Amino acid sequence: MSMIEMDGVCKRYRKEDYVVDALDDVSLSIDHGEFVAIRGPSGSGKSTLLNVLGTLDRPDRGSYRLNGRDVSTFSADELAALRNRKIGFVFQSFHLLPRTTAIENVELPLIYSDRSDISDLARRALARVGLADRASHEPGELSGGQQQRVAIARALVNDPDLILADEPSGNLDSRSGLEILATLQDLNVEGVTVVLVTHDAELARMASRRVEIVDGRIRSDEPVTDRRDAVAALAAVAEA
Amino acid sequence: MKISRAITSSLRALTRHKLRTFLMMLGTLIGVTALTVVMVLGRGTQDAVMQQVERMFSGSSIILTSGSGMRRGGPHGSGPTTTLLPADIEAIEEEVPAVLVADRLQGLGRSEVAFEGAAADVRVLGHSQASPEVWNRGANRGSYFSEADVATSARVAVAGTTVVRTLFGDLDPIGQQIRIGTVPFEVIGVLEPFGIDPHGLDKDNEIHVPYTTVMRRLRNVDYIAASKILVDPDADLDATAAAIEELLRARHGLAAGEPNDFRLITPTQVREMIASSNSTFGVFLPIVALIAIIAGGAVVANLMLLSVNERRFEIGLRKAVGARTRDVWWQFLLESTAVTTVGGLLAIGLAILTLGFIRIHGMADFVFPWAVTLVGLGVAVLVGLAAGVLPARRAARTDPIDALR
Ligand SMILES: Nc1ncnc2c1ncn2[C@@H]1O[C@H](COP(=O)(O)OP(=O)(O)OP(=O)(O)O)[C@@H](O)[C@H]1O
Ligand SMILES: [Mg+2]
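Taken in order, these protein sequences are the chains called A and B.
Take -2 as the starting number for the first sequence in the working numbering and just add one per residue.
Take 161 as the starting number for the second sequence in the working numbering and just add one per residue.
Hints in this document: simulated from the structure, not taken from any laboratory.
One should not assume that every hint holds.
Keeping only pairs whose Cα atoms sit at most 20 angstroms apart, straight-line, the calculated EDC-like set for lysine to aspartate or glutamate is [as the list claims (entries may be wrong)]:
{"hint": "1", "chain 1": "A", "residue 1": "K12", "chain 2": "A", "residue 2": "D212"}
{"hint": "2", "chain 1": "A", "residue 1": "K12", "chain 2": "B", "residue 2": "D559"}
{"hint": "3", "chain 1": "B", "residue 1": "K162", "chain 2": "A", "residue 2": "E75"}
{"hint": "4", "chain 1": "B", "residue 1": "K162", "chain 2": "B", "residue 2": "D487"}
{"hint": "5", "chain 1": "B", "residue 1": "K178", "chain 2": "A", "residue 2": "E101"}
{"hint": "6", "chain 1": "A", "residue 1": "K83", "chain 2": "A", "residue 2": "E187"}
{"hint": "7", "chain 1": "A", "residue 1": "K83", "chain 2": "A", "residue 2": "D28"}
{"hint": "8", "chain 1": "B", "residue 1": "K178", "chain 2": "B", "residue 2": "D559"}
{"hint": "9", "chain 1": "B", "residue 1": "K162", "chain 2": "A", "residue 2": "D117"}
{"hint": "10", "chain 1": "B", "residue 1": "K178", "chain 2": "A", "residue 2": "E135"}
{"hint": "11", "chain 1": "A", "residue 1": "K12", "chain 2": "A", "residue 2": "D54"}
{"hint": "12", "chain 1": "A", "residue 1": "K83", "chain 2": "A", "residue 2": "E2"}
{"hint": "13", "chain 1": "A", "residue 1": "K12", "chain 2": "B", "residue 2": "D562"}
{"hint": "14", "chain 1": "A", "residue 1": "K83", "chain 2": "B", "residue 2": "D487"}
{"hint": "15", "chain 1": "B", "residue 1": "K162", "chain 2": "A", "residue 2": "E101"}
{"hint": "16", "chain 1": "B", "residue 1": "K162", "chain 2": "A", "residue 2": "E2"}
{"hint": "17", "chain 1": "B", "residue 1": "K363", "chain 2": "B", "residue 2": "E470"}
{"hint": "18", "chain 1": "A", "residue 1": "K83", "chain 2": "A", "residue 2": "E135"}
{"hint": "19", "chain 1": "B", "residue 1": "K162", "chain 2": "A", "residue 2": "D212"}
{"hint": "20", "chain 1": "A", "residue 1": "K83", "chain 2": "A", "residue 2": "D67"}
{"hint": "21", "chain 1": "B", "residue 1": "K363", "chain 2": "B", "residue 2": "E352"}
{"hint": "22", "chain 1": "A", "residue 1": "K83", "chain 2": "A", "residue 2": "D54"}
{"hint": "23", "chain 1": "A", "residue 1": "K83", "chain 2": "A", "residue 2": "D114"}
{"hint": "24", "chain 1": "B", "residue 1": "K363", "chain 2": "B", "residue 2": "E272"}
{"hint": "25", "chain 1": "B", "residue 1": "K162", "chain 2": "A", "residue 2": "D54"}
{"hint": "26", "chain 1": "A", "residue 1": "K83", "chain 2": "A", "residue 2": "D183"}
{"hint": "27", "chain 1": "A", "residue 1": "K83", "chain 2": "A", "residue 2": "E31"}
{"hint": "28", "chain 1": "A", "residue 1": "K12", "chain 2": "A", "residue 2": "D57"}
{"hint": "29", "chain 1": "B", "residue 1": "K363", "chain 2": "B", "residue 2": "E293"}
{"hint": "30", "chain 1": "A", "residue 1": "K83", "chain 2": "A", "residue 2": "D111"}
{"hint": "31", "chain 1": "A", "residue 1": "K83", "chain 2": "A", "residue 2": "D158"}
{"hint": "32", "chain 1": "B", "residue 1": "K363", "chain 2": "B", "residue 2": "D281"}
Covered, in the sense of this in silico footprint (three residues per stretch, anywhere, with C-beta under 8 angstroms from a C-beta of chain B), are these stretches of chain A [said to hold, decoys possible]:
{"hint": "33", "stretch": "46 to 56"}
{"hint": "34", "stretch": "88 to 101"}
{"hint": "35", "stretch": "211 to 224"}
Ranges of calculated distance between the beta carbons of each label pair, as one might list FRET restraints [as the list claims (entries may be wrong)]:
{"hint": "36", "chain 1": "B", "residue 1": "R565", "chain 2": "A", "residue 2": "E135", "range": "20 to 28 angstroms"}
{"hint": "37", "chain 1": "B", "residue 1": "L534", "chain 2": "A", "residue 2": "G137", "range": "41 to 49 angstroms"}
{"hint": "38", "chain 1": "B", "residue 1": "I454", "chain 2": "A", "residue 2": "H29", "range": "37 to 45 angstroms"}
{"hint": "39", "chain 1": "B", "residue 1": "R565", "chain 2": "A", "residue 2": "E187", "range": "26 to 34 angstroms"}
{"hint": "40", "chain 1": "B", "residue 1": "F182", "chain 2": "A", "residue 2": "A78", "range": "35 to 43 angstroms"}
Given the structure is predicted, the values throughout are model-derived calculations rather than measurements.
For each residue, glycine too, the CB sits at the ideal point set by N, CA and C.
Using the sequences and the accompanying hints, generate a full structural model.
In structure tokens form, the structure reads like this:
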């Protein structure tokens, strides 16, 4: 059984004078442990797809099964609980709470869980992204790459099955972008399913599968044959 | 979500926006302080008034005044006020069995009273020798005047403590000669202190003289203004009042259908009158305080709405990472309630200071009812909950995708 099974999913936006099919009959299935890169031009529907995958948005038509369960039958609160336990989000603009320390940002998903050891877990997640010593720093005191690593710590703190990253390196220099990718690859090796939206063809090669989407439709969907290792790429950058 | 986590999360959000939190607190502070002060003063005043009424009607008694109609709230009598005679009161004492004793009253009103160089503006009241028993207020130095003084219209006076202070200072007042208008009197006693009556009159700025002296020597009239009649506590007051009414109507030759040319007031009537006349503290000020509270609540609600609009991204993020609708509700209800609760606590402190100031400066006397502080705190909590409802609802309805875009 696949982790993600999307069948004929449509999402249409209506503006005053035009209609946009952000997703037009998208069928996609992703197995446990895959690392999928989604590429496509601006406005092609990548973020919309990720929102539907993350249950933040509901499709107009078509079905979406996550771990075999049809999420369209879930209530808003059931979806919130599902996101809390199963899904981690990473956004292009980090989306950290301002004037809030790194550790408190990482704790955010935990306060809506029934975990009791939340500051321990948050500390471990921060250590995992190499920021153990920045726990009490606020976002304003961190570099962009560090902020995104805090965001990744927040995404993985609840031990999710699925991490959805929407252009996590879009606002970062290439080195910081590679660091983010290295962390995602690392998590994927441990069994976390990763879906990554990216413009960057080089970064897309670090996934195990590449999906291209144009005008809300899947144009191509193929395994990455010349897969690259982010840690190796980092080393190459360091040498240069 | 655990309640302790919800509270911590809300408190952190509040400390992140200090100015807004401060303004919200100020909103509650003003309203709850006003309410607490008004409640304490209102209750204190009511208590004081009731206490004095009890004192006025100590035992069981009826007040008789000349003139007809209602003194307050109703048509004022147009009948003569010269028909109530000392003989009427004697008749009441003799012919109505339940009547124990009666005081007679005839006053001079505010008059200039002089002692050597000093002068004072004092209320001069004529009483009978029964006054100490009837009013429960006699002389605590020297003595009250006697039946003989009344019979002879003696020029003797019993002075209140305010009068004594202004006229004599440290001098012993007993035996001193004063003038009421142009008539010389000898001070034979000092009235027991009483304080301020419900109408704000200083009951210690009085001089009591025999009513007969007021009639003959000061005003040259043959009638009295009023009487307070002490009734056997075992007797039925209403029946006694009816008997007095019948007797007086007969003595005054009133035909059936003619209105009374006197009025009988029983304690029940007075209590009702006071309850209805206490409207300044009873109705008006509480309304003002209520408006202050509602305005404070509106301030809190508006600032919370502002906060929700500013924090759309935060709310969206919280929902994306797993906050359920009720978690968001709690977040904002707790924020507004925490603010108003702290505001309420500060308000109680401020109210205590304000009331202390009022008491020290003698503007009003009251006991501080601690229950009122609990009411103030309760109101603050309720205001917080009420003010949080709309903001919390708006927050809970935030669409995370919209908010995170
Ligand atoms: N809330 C909305 N209302 C109207 N149109 C929308 C809305 N959200 C997305 N769209 C439209 O849907 C289409 C797909 O948007 P989406 O954000 O998924 O694109 P994207 O592939 O993520 O683009 P980018 O690479 O620029 O992030 C676009 O044409 C966009 O304008
Ligand atoms: Mg996008």
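Here is how each hint holds up against the structure:
1. With a C-alpha separation of about 16 angstroms, the suggested pair K12 of chain A and D212 of chain A falls inside the 20 angstroms cut-off, and the hint holds.
2. The suggested pairing of K12 of chain A with D559 of chain B holds, with an alpha-carbon distance near 18 angstroms, which does not exceed 20 angstroms.
3. With a C-alpha separation of about 17 angstroms, the suggested pairing of K162 of chain B with E75 of chain A holds against the 20 angstroms cut-off.
4. For the given pair, K162 of chain B sits about 10 angstroms from D487 of chain B by alpha-carbon distance, which is consistent with the 20 angstroms threshold.
5. Note on K178 of chain B and E101 of chain A: the hinted pairing holds, with a Cα-Cα distance of about 19 angstroms set against a maximum of 20 angstroms.
6. A threshold of 20 angstroms between alpha carbons decides the hint, and for K83 of chain A with E187 of chain A the separation of about 15 angstroms falls inside it, so the pair holds.
7. With a CA separation close to 15 angstroms, the supplied pair K83 of chain A and D28 of chain A stays within the 20 angstroms bound.
8. Annotation: proposed proximity of K178 of chain B to D559 of chain B is violated, straight-line Cα distance about 27 angstroms (limit 20 angstroms).
9. A hinted pair counts as satisfied when its Cα atoms are at most 20 angstroms apart, and K162 of chain B with D117 of chain A qualifies at roughly 17 angstroms.
10. Annotation: proposed proximity of K178 of chain B to E135 of chain A holds, straight-line Cα distance about 17 angstroms (limit 20 angstroms).
11. With a C-alpha separation of about 18 angstroms, the suggested pairing of K12 of chain A with D54 of chain A holds against the 20 angstroms cut-off.
12. For the proposed pair K83 of chain A and E2 of chain A, the alpha carbon gap of about 16 angstroms is at most 20 angstroms, so the pair holds.
13. Of the pairs offered as hints, the one joining K12 of chain A and D562 of chain B holds, with about 15 angstroms between alpha carbons and a cut-off of 20 angstroms not exceeded.
14. Restraint check for K83 of chain A and D487 of chain B: satisfied, since their Cα atoms lie roughly 19 angstroms apart, inside the 20 angstroms limit.
15. Under the criterion of a C-alpha separation no larger than 20 angstroms, the hint pairing K162 of chain B with E101 of chain A is consistent with the structure, at around 16 angstroms.
16. About 34 angstroms separates the Cα atoms of K162 of chain B and E2 of chain A, which puts this hinted pair outside 20 angstroms; it is violated.
17. For the proposed pair K363 of chain B and E470 of chain B, the alpha carbon gap of about 62 angstroms is over 20 angstroms, so the pair is violated.
18. Taking the CA atoms of K83 of chain A and E135 of chain A, the gap is near 27 angstroms; set against the 20 angstroms cutoff, the hint is violated.
19. This hinted pair does not check out: K162 of chain B and D212 of chain A have alpha carbons roughly 44 angstroms apart, beyond 20 angstroms.
20. Simply put, K83 of chain A and D67 of chain A have alpha-carbon atoms about 15 angstroms apart, close enough for the 20 angstroms limit, and the pair holds.
21. A C-alpha spacing of about 10 angstroms is found between K363 of chain B and E352 of chain B, which places the hinted pair at or below 20 angstroms, so the restraint holds.
22. For a cut-off of 20 angstroms, the pair hint linking K83 of chain A to D54 of chain A stands: about 16 angstroms separates their Cα positions.
23. Using a Cα cut-off of 20 angstroms, the hinted pair K83 of chain A and D114 of chain A holds, with the two alpha carbons roughly 18 angstroms apart.
24. Simply put, K363 of chain B and E272 of chain B have alpha-carbon atoms about 16 angstroms apart, close enough for the 20 angstroms limit, and the pair holds.
25. Under the criterion of a C-alpha separation no larger than 20 angstroms, the hint pairing K162 of chain B with D54 of chain A is inconsistent with the structure, at around 27 angstroms.
26. Distance hint between K83 of chain A and D183 of chain A is fulfilled; the C-alpha atoms sit about 18 angstroms from each other, no more than 20 angstroms.
27. For the hint linking K83 of chain A to E31 of chain A, the alpha-carbon distance of about 15 angstroms falls within 20 angstroms, and the restraint holds.
28. For the given pair, K12 of chain A sits about 16 angstroms from D57 of chain A by alpha-carbon distance, which is consistent with the 20 angstroms threshold.
29. Distance restraint check for K363 of chain B and E293 of chain B: the Cα-Cα separation of roughly 17 angstroms lies within the 20 angstroms cut-off, and the hinted pair is therefore satisfied.
30. For the given pair, K83 of chain A sits about 14 angstroms from D111 of chain A by alpha-carbon distance, which is consistent with the 20 angstroms threshold.
31. Annotation: proposed proximity of K83 of chain A to D158 of chain A holds, straight-line Cα distance about 5 angstroms (limit 20 angstroms).
32. A C-alpha spacing of about 13 angstroms is found between K363 of chain B and D281 of chain B, which places the hinted pair at or below 20 angstroms, so the restraint holds.
33. Counting residues of the stretch 46 to 56 of chain A whose beta carbon lies closer than 8 angstroms to any beta carbon of chain B gives 4, which meets the minimum of three for the stated coverage.
34. Check on the stretch 88 to 101 of chain A: 6 of its residues sit with their Cβ under 8 angstroms from a Cβ of chain B, so the three-residue criterion for coverage holds.
35. For the stretch 211 to 224 of chain A, the proposed coverage by chain B is not satisfied: 0 residues have a C-beta within less than 8 angstroms of a C-beta in that chain, short of the threshold of three.
36. The supplied range of 20 to 28 angstroms is met by R565 of chain B and E135 of chain A, whose beta-carbon atoms lie about 24 angstroms from each other.
37. Separation of L534 of chain B from G137 of chain A is about 43 angstroms and conforms to the stated range, judged on CB atoms against 41 to 49 angstroms.
38. One distance hint, 37 to 45 angstroms for the beta-carbon pair I454 of chain B and H29 of chain A, is violated here, with the actual separation near 58 angstroms.
39. At roughly 31 angstroms, the beta-carbon separation of R565 of chain B and E187 of chain A lies within the given 26 to 34 angstroms, and the hint holds.
40. Range check, F182 of chain B to A78 of chain A: about 36 angstroms between beta-carbon atoms, so the 35 to 43 angstroms window is met.
Against the hints set out earlier in the document, violations occur for numbers 8, 16, 17, 18, 19, 25, 35 and 38.
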